[in-house]
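> Sequence:
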Amino acid sequence: MCMKRMMSEDSWYEVVEGTDLLQGDILRACPLFRVAVDAAWEPSEGTSLDVDTTSEDVVILSQSCDLENHHVEDVLLGQVSSWEDVVRAEVKRGNEFVKSSKFRKQLVDGNVPGLSLLHEHREDPYLAWSVVNFHRLHTLPKAFLLQRVSDMTPRLRLRSPYREHLSQAFARYFMRVGLPHNAAAFEKEGKIEM
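Numbering (the numbering used here), first residue to last: 201 to 394.
Hints were generated in silico from the structure; no laboratory data involved.
Note that beta-carbon positions come from the ideal geometry of N, C-alpha and C, so glycine has one too.
Incorrect hints may appear among the rest.
[Said to hold, decoys possible] Ranges of calculated distance between the beta carbons of each label pair, as one might list FRET restraints:
{"no.": "1", "residue 1": "Glu214", "residue 2": "Lys388", "range": "28 to 38 Å"}
{"no.": "2", "residue 1": "Met394", "residue 2": "Ala289", "range": "51 to 61 Å"}
{"no.": "3", "residue 1": "Cys265", "residue 2": "Arg304", "range": "17 to 27 Å"}
{"no.": "4", "residue 1": "Arg336", "residue 2": "Glu268", "range": "58 to 68 Å"}
{"no.": "5", "residue 1": "Arg288", "residue 2": "Arg359", "range": "22 to 32 Å"}
[Claimed, not checked] Quick list of in silico lysine to any residue cross-link-like pairs, SDA-like style, CA-CA up to 25 Å:
{"no.": "6", "residue 1": "Lys292", "residue 2": "Gly314"}
{"no.": "7", "residue 1": "Lys305", "residue 2": "Val287"}
{"no.": "8", "residue 1": "Lys292", "residue 2": "Leu317"}
{"no.": "9", "residue 1": "Lys388", "residue 2": "Tyr373"}
{"no.": "10", "residue 1": "Lys292", "residue 2": "Asp252"}
{"no.": "11", "residue 1": "Lys342", "residue 2": "Arg359"}
{"no.": "12", "residue 1": "Lys302", "residue 2": "His365"}
{"no.": "13", "residue 1": "Lys305", "residue 2": "Arg322"}
{"no.": "14", "residue 1": "Lys305", "residue 2": "Gln279"}
{"no.": "15", "residue 1": "Lys342", "residue 2": "Gln279"}
{"no.": "16", "residue 1": "Lys299", "residue 2": "Asp274"}
{"no.": "17", "residue 1": "Lys305", "residue 2": "Glu320"}
{"no.": "18", "residue 1": "Lys299", "residue 2": "Gln279"}
{"no.": "19", "residue 1": "Lys342", "residue 2": "Arg322"}
{"no.": "20", "residue 1": "Lys292", "residue 2": "Pro313"}
{"no.": "21", "residue 1": "Lys342", "residue 2": "Ala371"}
{"no.": "22", "residue 1": "Lys305", "residue 2": "Lys388"}
{"no.": "23", "residue 1": "Lys299", "residue 2": "Val312"}
{"no.": "24", "residue 1": "Lys342", "residue 2": "Ala236"}
{"no.": "25", "residue 1": "Lys342", "residue 2": "Ser248"}
{"no.": "26", "residue 1": "Lys305", "residue 2": "Arg288"}
{"no.": "27", "residue 1": "Lys305", "residue 2": "Tyr326"}
{"no.": "28", "residue 1": "Lys299", "residue 2": "Pro313"}
{"no.": "29", "residue 1": "Lys299", "residue 2": "His365"}
{"no.": "30", "residue 1": "Lys292", "residue 2": "Glu256"}
{"no.": "31", "residue 1": "Lys302", "residue 2": "Asp252"}
{"no.": "32", "residue 1": "Lys299", "residue 2": "Glu268"}
{"no.": "33", "residue 1": "Lys292", "residue 2": "Ala229"}
{"no.": "34", "residue 1": "Lys302", "residue 2": "Phe370"}
{"no.": "35", "residue 1": "Lys305", "residue 2": "His335"}
{"no.": "36", "residue 1": "Lys305", "residue 2": "Ala328"}
{"no.": "37", "residue 1": "Lys299", "residue 2": "His321"}
{"no.": "38", "residue 1": "Lys302", "residue 2": "His321"}
{"no.": "39", "residue 1": "Lys302", "residue 2": "Tyr373"}
Could you build all of it, start to finish, from the sequences and the hints given here?
Spelled out as structure tokens, the structure:
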């Protein structure tokens with residue numbers, strides 16, 4: 201039987217410094233690079249490509265063991281947005297349901313595919329109630345992040361079991377399967393009288 205433990209906000213995070221990278225590290229104002237939407241590019245050796253640069257809050261989604269054992273060259277990152285920013289963006293797109301207590305309950309229960317809730321952290325470094333958006337993923341070279349992570353400290357790191365909860369939410373989002381057929385008829389036709 202699974203039991204939920206009530207834990208304080210402090211138990212969600214530890215505050216870390218240094219250059220080690222682990223799953224669940226929240227990197228504030230992380231530099232990100234995207235191919236410009238209107239970039240003209242011919243796939244040939246030595247041609248340049250227009251790139252847009254931004255900085256966003258992100259969380260590391262790559263597995264800690266892969267990072268520690270040098271099994272990855274690129275680090276997978278998920279966008280972290282404050283709950284307030286998420287609500288504003290969704291309402292602007294016409295989604296009023298996001299403001300409801302029912303939606304917040306679904307988010308708390310982990311029943312909103314593509315989103316994972318992060319508890320607020322009121323002490324330094326401050327983090328408002330936030331959401332990891334799996335629709336907004338990024339990768340950066342691990343070597344690049346290691347050079348810049350010292351500028352991002354102190355930083356928050358999700359503790360266990362919240363780190364695993366985030367990983368599980370990402371896995372559930374990523375492994376969704378849309379079946380190419382409608383099996384609704386089974387509800388009527390599959391009844392067996394005994």
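> Hint by hint, work out which the structure violates, then give me just those numbers in ascending order.
1, 3, 4, 9, 16, 19, 22, 31, 32
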